[in-house]
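Chemist: Protein chains in written order, with the working numbering: chain A, 620 to 912; chain B, 620 to 912; chain C, 143 to 458; chain D, 411 to 769; chain E, 3 to 272.
Simulated from the structure, these hints should not be mistaken for lab results. Take these hints with a grain of salt, some might be off.
What the hints assert, rightly or not - Cut-off 25 Å, straight-line C-alpha distance, at most; resulting in silico cross-link-like pairs (BS3-like, lysine-lysine): (1) C/K368 x A/K648; (2) C/K368 x C/K450; (3) B/K746 x C/K368.
Next come the chains, spelled out residue by residue.
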Amino acid sequence: MTDTATTTEPVTRAAAVSVHGASKVFPSKAGDVTALDGIELTVAEGEFVSLIGPSGCGKSTLLRLIADLDAATAGSVEVFGKPAHRARRDQDYGIAFQQAGLLPWRTVAANIALPLELHGVGAAERKERVARLAELVGLSDFADRHPDQLSGGMQQRVAIARALAEQPRLLLMDEPFGALDEMTRERMQAELSRIAAETGAAVVFVTHSIPEAVFLSDRVVVMSPRPGRITDIIETGFGADDLGTRRSPLLDPAAAIRDESLRETPAFFAKVTAVREALHGTPAAAPRGAEER
Amino acid sequence: MTDTATTTEPVTRAAAVSVHGASKVFPSKAGDVTALDGIELTVAEGEFVSLIGPSGCGKSTLLRLIADLDAATAGSVEVFGKPAHRARRDQDYGIAFQQAGLLPWRTVAANIALPLELHGVGAAERKERVARLAELVGLSDFADRHPDQLSGGMQQRVAIARALAEQPRLLLMDEPFGALDEMTRERMQAELSRIAAETGAAVVFVTHSIPEAVFLSDRVVVMSPRPGRITDIIETGFGADDLGTRRSPLLDPAAAIRDESLRETPAFFAKVTAVREALHGTPAAAPRGAEER
Amino acid sequence: MTSTAGIETQVAAPGDPAHPARAPRPRGRRSGLAWLWGIVGVAAVVIVWELYKWLAPEDGVIVAGLRILPRTTDLAMPHVWVMVGRLFEPVTRQEGSPPLWGVIALGALTTLGIAAVGWLVGMIVGFAFALLMQRWRLAEWGLLPWIILSQTVPLIAFAPIVKSWGSRIEIGGWEWQDWMSVALIASYLAFFPIAVGALRGLQSPDRIHTELMHTYAAGYWPTLVKLRLPASVPYLLPALRLGAANAVIGAVVAEVSTGLQGGIGRLLIQFAGQASGDPAKAWGPIFGAVALGLVAAGSVALLGVFLKDYRRGEAA
Amino acid sequence: SGGGDSPDPSSDPDGGELTPVKLQLQWLPQAQFAGYFAAIDQDYFEEEGLDVEIIPSGGDIVPQDALANGDVDFAIAWVPKVLGSIEAGANLTDIAQIFQRSGTLQVSWADSGIESVADFEGKTIGSWGFGNEWEIFAAMAAEGLDSTTVQIITQDFNMNAFLQGDIDAAQAMTYNEYAQLLETVNPDTGELYQPEDFNVISYEDTVGAMLQDAIWADTARLDSDEEYAATAVAFLKAVIKGWVYARDNPEAAALLTMENGSAWGLSHELWMMNETNKLIWPATDGIGIIDETAWQRTVDGALSAVNETGAHLITQEPPASAWSNEYIQQALDELEAEGIDLTGESFTPMNVVLEEGGN
Amino acid sequence: MTTVRHAPRARWSPAAERRLRVIAPLVVGLLGLALWQFLVTVVGVSDYLLPSPAAILQQLVEFWPAILQATIITGTNALLGLVVGTLLAILLAALAARWRAVDGMSAPIVASLAVVPIVALAPVLNSMFGADSQFGRQAIAALAAFVPVFVNTLRGLRQTRPVHRDLMHVYAASGPQTFRLVTLPTAAPYLMTGIRIASSLAVISALVAEYFGGPRGGLGTFIATSAATSAYARAWAYVAAAIALGLIFYLATALLEWLVLRRIPTGGAR
Ligand SMILES: Nc1ncnc2c1ncn2[C@@H]1O[C@H](COP(=O)(O)OP(=O)(O)OP(=O)(O)O)[C@@H](O)[C@H]1O
Ligand SMILES: Nc1ncnc2c1ncn2[C@@H]1O[C@H](COP(=O)(O)OP(=O)(O)OP(=O)(O)O)[C@@H](O)[C@H]1O
Ligand SMILES: [Mg+2]
Ligand SMILES: [Mg+2]
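Okay, chain A solo, but in the shape it has when bound (with noise of 0.2 Å):
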């Protein structure tokens, strides 16, 4: 724990994320589609961020500018002061999607040490990391077991520890608990929680449940669709005593872990209220029929 911790001691003074005026057009042949526009955005060191909005909003595409699977259209987007596919070579992030995208002909232990394994990680230390890895998600004696031995949940935390598997100060995370369900959704939020503070790592959370971006988050940032845009950012104010920046899990992190309790207090559905009329601005429901594809 100390240890995975000791990577963010050289702290650079660059944010984790950097995303200026950047737009994306994708051309279609019934004319382009604007996914984002001039989005301004910042995640600072160890702040964990989430994005909400309606569906075709452009968060995926958001995420998908800063890990460079997509390239913006205009604007820049900056990974730790270096442009997104420096960042990408560099391997400063680790990713997980909405699926969690195991190999399936691999084992749980074989999956965490793939990108050790694409990097040339010597096969002892490999071992060592992907052990203790698999210790952090809990799933040490899953080991050697297979994907589809495995519940849709232990799935997505081997996804997180194979994110998490070269240690990035960085983790992108495109609605990484979409598919479970909501009891096993709330068990993992608070291990997400928990582990982010231990790693210290900044985390872009891409969501649509609004009470799991106010648990979650230290900032949620609420978009808009046609053109995608930054609409509202929301400081939910858990555990933190300094503005938009998590309190330093290096100063004490348990503090920043996020408790059960916290779903219960009025704070909390203060908070969850405040997201939901950003989100819908009026609380009625929206005309029939004119939900978007």
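Assemble the complex: chain A is given as a structure, and chains B, C, D and E with the ligands must be docked to it using the hints.
Modeler: For chains B, C, D and E with the ligands alone, coordinates are given in the frame of chain A:
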């Protein structure tokens, strides 16, 4: 609206659903699985009941017993006072699943018409009923579309219209909104609430989502797994003026329709907390790796 | 092109069969491009053929006593232009002899007719088997292995028996014709993919759909008509396409085997007999047979256009 | 002319109604079967009160099986193959031996040194299989060679395997495959190959010589069905007239085969007609008469032949019912009266010029 | 409306099901044999054309060494063809999956190969490669095997899930690494299915090719030779060997498929 409601007028005094001492054992090579054990449940006419509980606690199994998709190993399952299989043959209920389960080669209208066609309803009447149902779920403009041209939420609405096609007094729904994103889901919940009120049908609703259960239901049935048992029944008391039964929609349909604003009331939050506690027992996270498969 | 897709039934796809692997592209441009590349592909074969014939030794390339690349003599590999040119010359020197392509086209049409009958019979039989196997699992277990095994029986071995037994059938004024034996053998090859494809198709409805029909208290026949048949279309179409290709192959082989006159099979052996003195002539019916197979498979693919509503599941 | 005055029990009672008859050939229509086509074309069958349908064969149709199964009434087949079928249980009788001589050759290159069957040892020998290989095995057996001392290659429909050197000696019928060779351009000279380019072993000159195209009938029906026996005689009469016509009008007969579905050109068919005539004529005892010595020689050859799996063509003498001159003799006798030349003593073959590709 | 309870199919316990899956085809097979023998011995379908199973068995015993020899020859041709055809198909499929142009160019050729009858190909291949070697038959078996393997492999190579592709991109993995770690394992089950289908095709093609020229000695040759002299019982004994050979190939490849699928589970993980 009023004439769909007329079907509830010749009301039999029997409950919509009454399950007594029902249990269900699935044989498997690794020994028998007791999916349900000693279930006692009565759903009154016009009542909205949600089943909630962790994965594998037997929610779907219970719903399938009521729908006569499986037969109980012991105990009795009655629908409107008849054995479940009689009720199925008499088409006393409509059903909808997590997946909309529309036939992809049929248009929206033809999908809604399917049960009518199967039961020999004449073309003219069929057409008229389908038009009314499409109107009810707000899809009149989409009657000639095929399912692949609809969004997930729209597909789910078609499935609900189909379930209502034969004006059943009982609606069975197994996580009908499970595959939708949260914002669409909230909208669908409001619509279902309206539809249930307008048609006066009793609803048995399976869900994983506590807010969903609380928002929709007159009563929330909390279940626990291994063996599947009912551990708690929580009355919400929203928009109800007598115990356990929603105010009869014949008297005042509008009063039974939940409003979006309900979600932001402290009463709602209190019920959510109550159900959560009933579910989790203690609000602490479960031990790592112990999650069920 | 169409029948490459036709072989898809042979794919017992593990997992989700309708799982789209790529983002769909604009359809028109794509098929235009496909045609273009297809033409380039054929041209490439022609060029490779001629280049090889030009560069390689007469006796081919022999490695360790084994000829791994073909001879390049005119006997073994006539020039492409000679083969094509031969198509437009008369069949024989006899006065009034029609051009070779005409005879081949006529033979191909004859075979196409016979193959079509074989295909129809194969479709009916294959479908009947599929229905039987879908209805009773025991029938599936008992029959399916034999249906698979049936295709390992060399059909040439029983072509004479079919002809002989057929020739004894005479019902009233109706008499068994020799071409029917050929059609029957063609149907034997055609029925296999259709039976397997139709079975997969009939079994393809999701559990959610079969249960829905159950909750509607719909019996076997309504379920079949409203659910299983429409759902089987995406599986059936490639199966029918493959069946058509098989029917043509079966018809050609059976023509050769039973000595039926008039079809392309007969031309194949007749002209193959002349291949020593007139090598290019023997290639005519080979091209004809390939064209015939492509036409047969392609026309079945056209069926898919009329059934496109039933193929929506493929994309969704 | 002669049909009316010949005693024909099958047509007389029916008052001129024709008796339907099916004849199974053993290969595609070609001049090898010109006599039968001529008999139809010249109405000889009709004159005998018969309505004959000729059924060509393909790769796998065994004529004697079609006959034994009752699919047809008469069949043309080589004697040795039918001997095998008779031993397997077919009940057939050779009622006319149309070809008096074997037309099978084994062709090799002039410089190959293969001059006789004895030279086959260690060589690659071509044969079509399908029962055509027994003559080779019989001839080899007479030379003390067994089937394991040579490599037998199945030839396909043409002579390419031989021309390209895959086989040292190819099986060829005088009337067909040999012509195919002579219709092919010699790449060295640019001209057609010439007979001097080849060594030719004729099986007729070996102990292995076997009787070939014969007309077979169903033994049991001959014995029990008088009408069938009478039909056989009438059939043979027309067939003989057909072959006489083919002998006397080879061009017309060759053209006839082309009309009946041969894909060859006229030069090839004419060659085949001419060579076929050579196998039939002169027929010392009259066309179709079975020569007992030749028959015995065929039987002996069939008994001695063993293929590479150790299978014998036959293991015992065929029954006496396997051949009979009774019907052909009766037919000849009746035709004799009409003054037809039935021996062809004066037959002189013509000189046919082959053209490239046989077209 | 009807009393048929069709939805839940008759349920057997897993053990009973496993047993029935073996017993059912055996019963059907025995019934077929019994019917055959009955037709021949009792109804009196001529034993001459359709020999009884007993007669075939007797020939099978008598000519066992020769039949085995022939089976080995044909089997070797089929096996070589299957292996070579499979390798070529994988190679070309890999190219076609990589370059659209190769895909487009190979389409008409593969389609043609799929519809060309053996009887058309055999004489041509004999001319090209020589009738004195088994190469022609092996080439035909290879071509027959090529088509299903190519089509399935190409399909399989395109099943790579976008999430896996993204993942490899994120890891800055090289092309060969991606192919080895993701593309190939994803395609493997499809490849196996293709090989299983190709296996019986290869056998039947190698056998039928023997009808149309080349060295004697294989099953096809002796089926033809035996039938030509009406030795039908012997012919069917060879046919039985051909069926057995096809079955062996099918079962062997099915086993291979099962082994690979066991090592590469496809379901479950999403
Ligand atoms: N590869 C692409 N090509 C064309 N359009 C695209 C592509 N990817 C995304 N889009 C479009 O960009 C917009 C934003 O998509 P994006 O996937 O980022 O939304 P999202 O917020 O992640 O939605 P969801 O909540 O459904 O995941 C959508 O309108 C989408 O249709
Ligand atoms: N057909 C079946 N055969 C064997 N076991 C079954 C079957 N259906 C359900 N079970 C078992 O019964 C138990 C209850 O299953 P059920 O599907 O009712 O749970 P659930 O509450 O609906 O779960 P989920 O929330 O995941 O849908 C589980 O342990 C499950 O494994
Ligand atoms: Mg997204
Ligand atoms: Mg469930």
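Chemist: Against each hint, give a clear statement of whether it holds in the structure.
Modeler: Structure-based check of all given hints:
no.	hint	verdict
1	C/K368 x A/K648	36 Å, violated
2	C/K368 x C/K450	16 Å, holds
3	B/K746 x C/K368	18 Å, holds
In summary, the one numbered hint that this structure violates is 1.
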